[in-house]
Structures are given as structure tokens and as C-alpha cells.
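For chain D, the structure is supplied; the task is to place chain H on it using the hints.
Okay, here's what each chain looks like letter by letter:
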Amino acid sequence: MFPSRFRYEAPHSLDEAIALLRDGGDYVKVLAGGQSLVPMMKLRFASPDMLVDINNVAGLAYHRADPDGSLRIGALCRHTDLEFSSLLKGTQPTMAAAAPLVADPLVRNRGTLVGSLCHADPQGDWASVMLALGGSVIAQGSNGRRAIPLAEFVTGPFQNVLEHDEIAVEAVVPPARGVRSGGYLKLERRVGDFATVGTAVAIETSGDTVIRAGIALTGVGGSTIGATDAAAALAGQPLTAETIAEAAGLAAAAAQPRTDHRGSAEYKRHLVRVFVTRILGSSLPADAVPADPGAADSERAA
Amino acid sequence: MTLVYDDLGDEAAQDVPVRKIKFTINGKKKVAEIEPRLLLADLIRRGVGLTGTHRGCDTTNCGACTVLVDGNAIKSCTMLAVQVDGREVTTVEGLASASELHPLQEGFRQEHGLQCGFCTPGMMLAAKALLDRNPDPTEEDVRWALSGNLCRCTGYQNIVKSVLWAAEKLRAEG
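Residue numbers (the numbering used here), protein chains in the order written: chain D, 1 to 302; chain H, 1001 to 1174.
Isolated chain H, as found in the complex:
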């Protein structure tokens, strides 16, 4: 795939200098030719076509675009796509297996952890990074880990419960 932004004036897209990157997204290897200013959120949404990663504020405030890069939760609107060259990206589409929801997704269903759902992918990935690091978090740990992700519907109570539900399920599964 080749990806450039379309504010090119008289210039043709094929004249824009691009860099070739190789990366892995949700376990699949990809190659892309991109202009260096392309943001990771746009590589994921427009290039790979995975639209579960949401663009909310686009100003590094809301966390709706959270994805994992090499296991670390980051805001994909605030990282250049060229920087994932050689790295592994996980989006919300990478959580479930073919037949089963991820315990975090199941938790959000069981505990009614979403209303409009816009912030949910980001919440789940920030929560996944927490649970990978700390399988037995306290409520306070969960609130702290999600403090960079804004939700305008739920008041957070059920999101926190959902993450604790998933933590328990994951521990039980060992």
C-alpha cells in the first residue's frame, strides 16, 4: 500500500517522497510505502483499513486512538507511522480470537462497560497493557491506568468493573 495525505496542491501523489516500512499488526506482517508525516492512526485506519481505532480529539487528550506498540499503550494520533517500522502493533481487532471474545471484551459486555462505545477500543487496549503488566490490579490501579482515556457516557464506574471482571477471568484461566 502507498499512503500520502491529499493536500498536495499541484503535486502528484507519486512525486511525494515515501519510505518503505515493514511492521506487524495483530499478528499479520505488512509492508507500506508512506510519507514520513503520516500518523500511525491514519496508517491503521486508512492503510490497513482497521477502523476500530478511533480518532476522537486528535489533540493528544482523549485516548480513543490508543493502540499497543510492542506492548506499550500509546496514542496513535501522536506517533508517526514511520516509527512502527520493525515493530508490532495491536489494535482492538486483535483482541478476539476467531470464535471467542477476549476476556476484556466479555467483561465490558458483562458489566455494561460501554454506552456509545466510541472510547471503548482505547479503554480496552489501555486495560490490556495494565493487565499484561499487573494481572491482579486494585480498583485504584485500574483507575490510574485508564486516567489517560476519556469517556463522556459512563462515568467510568462500569468500565472499571469491566476491567476487574476481565482480570479475574484471566487469572482463573491461568
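Pulled out of the complex, with its shape left as it was, chain D reads as follows:
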């Protein structure tokens, strides 16, 4: 297999890249890691007239914390950079948990977080993580730069709000107001398969009280799902077996899974409840951890 023909440009600056997008016709795609775009082009699901390869644009391969605590991830920061990042391990538990679970090591060496957000696959892990963290995408185009919250960035499967002359140049996670905890859990049939279910949980606490919560779901709907009711139920509350059970139930209710070869809708909804319970429970002392809904099932089965 190979793609249909296209014009290829590899500019050395963002300004050149934006000009190519602006003047390049109706169907121009930006090429960053290419780990979703190239397979789709080989299958002829995508046949753009032109590719604007941004890999020669200097200064996009970063991830760094700003003095105010915001985390900025450049358009050429690869998944691998995030997987082995000491910055993430110390400060971003949800991202650090998700990075090693994206695709497989070979894909992680090429693919980028920002590209994954733009691709807007309902199965994409990073969109859930960034949605749970309240992140945004910075777009740069002919008319300057703008910040787009993740909740508004993805409009449906493989659809985002970028204008045709805009490039997503970085993703931003806002600074924490409290102490961050959380995680990302994903069930996949084998490494590199799409998620049966993925669940991102990001909370910030002050003392025992949750002051901000975000929960988002991968692979259980037509696009990434923000479980906003579940998150709202935690805000202002301490984490206890009861509040966790309520949030896990609301998150499961927010899922819109479909039965397919990866599992039944009922099973996937159940997994959301299990994953939210496990992630939230992991930040409690051992004697306060709520019963695992998954473990209860296996005991019943036995």
C-alpha cells in the first residue's frame, strides 16, 4: 500500500507553513508524527492534495513548565519524550500515567501529543487526558494566535475547530491550584490496539478537600467524553468511599459505549466505574480504599 499523490512541502518556519496552508488549496494537511495520517493515506481514507511537513521547523520539540506552573507541550514533542520525562513524573500524574500507554514504543518515537489532539480520534488517549486537566490548544494562523479549550477543540470524530490556515503549535495544561493527583487507566487487548476503554482522572486537593476535578473517557462514544457531572460531584468534597462511588457511578452513566468485538456496552460501562474507583482510591490511605467493583465481580463469579 502507498498513498495517492500529493504535493509535499517542508518549510523551515511557522510563517512559511501557515502561508502554505492559506494558499495551498482545499485539502492540505499538516504532517507532524504521521502515525495516524500516513496509515490513513495508505488506506486512501485520506488523500490530501498537499502535505505541509513541520518536522523541519525549529523550536517545536519542547515540553516545559512556565514560571506560573503551566505546562506547555510543543507540536513536535513526541510521546516518547513525555514517557521518559522527569518533569511529568514529578508534577503531572495523569499525563505520566498515560504516556507509556499510547500505542506502542515505535509509534511513540514518532507520534506527537498535539498531533493526537488534532486527529481527534475518539480512541485517542491524550484528548481525554487534556480534557480532564482542563487543557487547551494554542492555534497559530494568518490572524495570529488563539487559545482553544479542549472541550471546544474537538467537535466530533476526526473533527476539530482549526481554521484551514491554522496550525496547532502547542498544548497547554493550566497551573495546579492544589496538590495534583490522578491517573490514566486503559484496557487494550494487546499493546498498540485501540482502547476498549480508557479513563483519565485529574484532581487537585487542598488538605482533604477536592478543589478541582476532571474526568474524561476514551473509546466509549463518538468522541472523547467529559464526565462533567462526575467531576462536579467531587468538587468541594473530601475523597471517601462514598464520594468516590458516586463519581464512579456518574462517570459510568456518562459513557456512551457500543457493543463491538472489544466488548459489550454493559462491560465497557462497568470498566469506567472500575477505573474511576481505582484511580481515585489510589490516593487514599490503604484502610480507606473503597472496595474494587471489579474485584467484587470476580468473587461473585468464583
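These are computed hints drawn from the structure, not numbers from a lab. Some clues are possibly wrong.
Below, simulated DSBU-like cross-link-like pairs (lysine-lysine); rule was C-alpha separation at most 35 Å, straight line [what the hints assert, rightly or not]:
| id | chain 1 | residue 1 | chain 2 | residue 2 |
| --- | --- | --- | --- | --- |
| 1 | H | 1022 | D | 89 |
| 2 | D | 89 | H | 1161 |
| 3 | D | 89 | H | 1029 |
| 4 | H | 1169 | H | 1030 |
| 5 | H | 1028 | H | 1169 |
| 6 | D | 42 | H | 1169 |
| 7 | H | 1020 | H | 1030 |
| 8 | H | 1028 | H | 1161 |
| 9 | H | 1169 | H | 1029 |
| 10 | D | 42 | H | 1020 |
| 11 | D | 89 | H | 1028 |
| 12 | D | 89 | H | 1020 |
Chain H in isolation, oriented as in the chain D frame:
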């Protein structure tokens, strides 16, 4: 060399717009004129004529086409050949010296790390990228690093042993 795909209809190959790229493969400098849609796997196999890089699934799943680009293990069926302009590619043919197998190749022989051998070049290059980064990996590290490479014969046990054998040999050689 000039390389274009042959689905040209009425169009002659010489009318297809090509780009000139310069790259290094296994230490040798090359120049090629290619159409932008040419995949790296095809540049290596058809253009350079190195057929140790295998095309397995051709859908970014199996890792048989793994090569190193500037030291990073990547799937050559999922990268455009134009993107290696100015870069350095290493394939399985670049591992051995004229007289000696690379410790990874020796390890696969000692520990019976292959059966049919189709996945082996990709396994070796993914393993090389690991050992270049981490000379003393645990078994878990090896399994993690090879998790993007599928083998349908061995059940992986001996592949993991082979990589650990090579790691020890490379450490002993300093």
C-alpha cells in the same frame, strides 16, 4: 536512483514530480530522486536494495519494518522517504561488521531467538535502540521496548533472552 510507484496510468514515470534527497544508510552516503509519497520501507527495499527490512502487516501494527532513523526505532512503512533527507538510517544489514556478527545477532543465535525469522530484523533494531539508551535493562525493560514488535513463532521468551544475552556481552566488551 529514481523511484516512483508504478500506478501511473497514461503518465510516464519521467513526468512524475520528484524530490532529490541525500541520506546515509548503514554509513554509506546516498542520493535519490523520489516521489514524495514513497514510503521509507520502499526506499530501503527497492531503491537501496536492502531486503532485510521486512514488510509485514503494512498497517503500522507489526514492527517487522523497524529501522533506526538518527538512532530512533521507527516503523519504516509509516514514514515518508522524503523525511530522511539529511538523516542517518540503520537497517539490520548495518549491524554486523565484515568479520563479526553484532552481539545482538550473536545473542539471537545463542539463545535461539528466532524461528521463521521474519520479525527478527525489526526485533534486533528495536532492541538496539533500547541498548543504546539503557545498556543494563531488566527483563521488563526488554519486554516493554519490544512491545511494538510482533512475533508469531517464538512466544517471545527466547527473544527476550537473546536481548539480555547481547546486553551482557556489550557490557563485558565495554
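Report task. Verify the proposed pairing of residue 89 of chain D with residue 1028 of chain H, using a straight-line Cα cut of 35 Å. Result -> It is violated: about 40 Å lies between the C-alpha atoms, which goes past 35 Å.
Query - Satisfaction of hint between residue 1030 of chain H and residue 1020 of chain H, Cα-Cα up to 35 Å - result: 11 Å, holds
Report task. Below or equal to 35 Å on CA atoms is what counts here, so check residue 1028 of chain H against residue 1169 of chain H. Result -> 27 Å, holds
Query raised in the report: Does the structure keep residue 1169 of chain H and residue 1029 of chain H at a Cα separation of 35 Å or less?
Result: 30 Å, holds
Query raised in the report: Taking only the CA atoms, is the gap from residue 42 of chain D to residue 1169 of chain H under or equal to 35 Å?
Result: Given that 35 Å is the threshold and the Cα spacing comes to 40 Å, the pair is violated.
Query raised in the report: Going straight from one Cα to the other, do residue 1022 of chain H and residue 89 of chain D come out at no more than 35 Å?
Result: 39 Å, violated
Report task. For the pair we were handed, residue 1028 of chain H and residue 1161 of chain H, check the Cα-Cα distance against 35 Å. Result -> Distance ~32 Å between residue 1028 of chain H and residue 1161 of chain H Cα, so the pair holds.
Query raised in the report: Is residue 89 of chain D within 35 Å of residue 1029 of chain H, Cα to Cα?
Result: Distance of about 40 Å is beyond 35 Å: violated.
Query raised in the report: Keeping to a limit of 35 Å between CA atoms, is the pair of residue 89 of chain D and residue 1020 of chain H held or broken?
Result: 42 Å, violated
**Report entry** Given hint residue 1020 of chain H paired with residue 42 of chain D - CA-CA distance at most 35 Å
**Finding:** 22 Å, holds
Query - Restraint status (C-alpha distance of residue 89 of chain D to residue 1161 of chain H at most 35 Å) - result: It holds: about 30 Å lies between the C-alpha atoms, which stays within 35 Å.
Query raised in the report: Is residue 1169 of chain H within 35 Å of residue 1030 of chain H, Cα to Cα?
Result: 32 Å, holds
Consistency with the previously given hints fails for numbers 1, 3, 6, 11, 12, ordered from lowest to highest.
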